[in-house]
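Trainee: Counting in our numbering, the sequence shown runs from 83 upward without gaps.
Honestly, the hints are just simulated from the structure, not real lab data.
Backbone N, C-alpha and C define an ideal beta-carbon position, used for all residues, glycine too.
A few of these clues could be false.
Ranges of calculated distance between the beta carbons of each label pair, as one might list FRET restraints [unchecked claim]:
1) G107 - P247: 51 to 61 Å
2) D152 - A132: 19 to 29 Å
3) R160 - W194: 23 to 33 Å
4) G207 - E259: 42 to 52 Å
5) P96 - R267: 41 to 51 Å
6) A132 - P96: 18 to 28 Å
The calculated DSS-like cross-link candidates involving lysine-lysine, where the alpha carbons are at most 27 Å apart (straight line), are [as the list claims (entries may be wrong)]:
7) K271 - K283
8) K249 - K272
9) K120 - K190
10) K249 - K283
11) K272 - K283
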Amino acid sequence: MGGWLRVGLIDDHPAISTGVPAGLGQVIDPAPVFTDAKTVDELVTSEVGADGFDVVILDVRLADESTPEDNVRRLSERGWPVLLYTREPRPAVLARCFAAGARGAVGKHEDWPVLAEALHAVAAGELYYNAEWACAVEAMSDSHRFPELAPRELEAVQLYAAGIPAKSVARRMGVSETTVKEYLRRAGKKYEDAGRPAATKTGLAQRAMEDGFYFPVKE
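Required output: the full structure, derived from the provided sequences and hints.
Mentor: Here's what the structure looks like:
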């Protein structure tokens with residue numbers, strides 16, 4: 083692909099934000115023009131963001147505890163192709179990112195030529211993922227294994243599974259304890275229907291961790 087690629091790079095590790103431009107500059111000529119940010123909000127509101135990007139390289143896990151698939155969706159809705167750059171091992175997390183519009187994925191352990199190949203492919207409108215990520219793509223065809231929890235159900239599960247008592251969960255959420263228990267019951271039923279039992283606090287915690295959800299700090 084001729085010309086300079088305009089690349090957004092979202093990662094909150096300084097070694098990545100400096101290392102990726104330097105590394106790709108060694109294998110892509112002319113070197114891409116990078117705009118780095120620590121969050122999606124920071125990239126979207128940047129002056130360069132107004133002109134758009136040919137590709138956005140996105141770390142799946144960011145320190146602001148944003149949801150990976152929501153980050154992908156926000157970037158994709160702006161017409162910016164998203165290339166995941168990650169160490170995330172859980173297929174469920176990657177599957178949701180692909181379903182949200184990610185165009186490819188590269189492991190952070192890969193050499194620069196592999197990342198360069200993926201960058202060019204995604205910029206050209208192609209998909210890019212290798213055998214390492216095939217299980218995540220395959221998981222999308224088995225989406226019933228990953229139940230869709232409503233936002234309040236997920237919030238209740240995250241708080242409760244982190245060890246916070248139901249009464250305290252209710253206070254944080256601004257609802258009654260009865261309502262919290264109903265959220266948990268619904269979430270457990272959805273996991274049960276998906277063939278992944280989650281009838282106990284430990285079961286809910288295990289399922290939520292498997293699916294890559296964050297957990298807040300205990301009270």
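Trainee: Do the beta carbons of G207 and E259 sit within 42 to 52 Å of each other?
Mentor: holds, 51 Å
Trainee: Return holds or violated for the Cβ distance of P96 and R267 against the range 41 to 51 Å.
Mentor: With a Cβ separation near 44 Å, P96 and R267 satisfy 41 to 51 Å, so the hint holds.
Trainee: Lying within 18 to 28 Å: is that true of the beta-carbon distance A132 to P96?
Mentor: Holds, since A132 and P96 (Cβ atoms, about 25 Å apart) stay within the stated range.
Trainee: Compare the distance between the alpha carbons of K249 and K283 with 27 Å, and conclude whether the hinted pair is satisfied.
Mentor: holds, 14 Å
Trainee: Straight-line Cα separation of K272 and K283 no greater than 27 Å?
Mentor: Roughly 15 Å between the alpha carbons, so the hint for K272 and K283 holds.
Trainee: Taking 23 to 33 Å as the hint, is the beta-carbon distance of R160 and W194 inside that range?
Mentor: holds, 27 Å
Trainee: Is the Cα-Cα distance between K120 and K190 27 Å or less?
Mentor: holds, 17 Å
Trainee: With respect to the beta-carbon atoms only, verify the hint that G107 and P247 lie 51 to 61 Å apart.
Mentor: holds, 53 Å
Trainee: Would the hint linking K249 and K272 be met if the CA-CA limit is 27 Å?
Mentor: holds, 23 Å
Trainee: How does the Cβ-Cβ distance of D152 and A132 compare with 19 to 29 Å: does it lie in that range?
Mentor: At 22 Å between Cβs, range holds.
Trainee: Checking one constraint from the list: CA of K271 to CA of K283, max 27 Å. Satisfied?
Mentor: holds, 13 Å
Of the hints listed earlier, there is not a single one the structure fails to meet.
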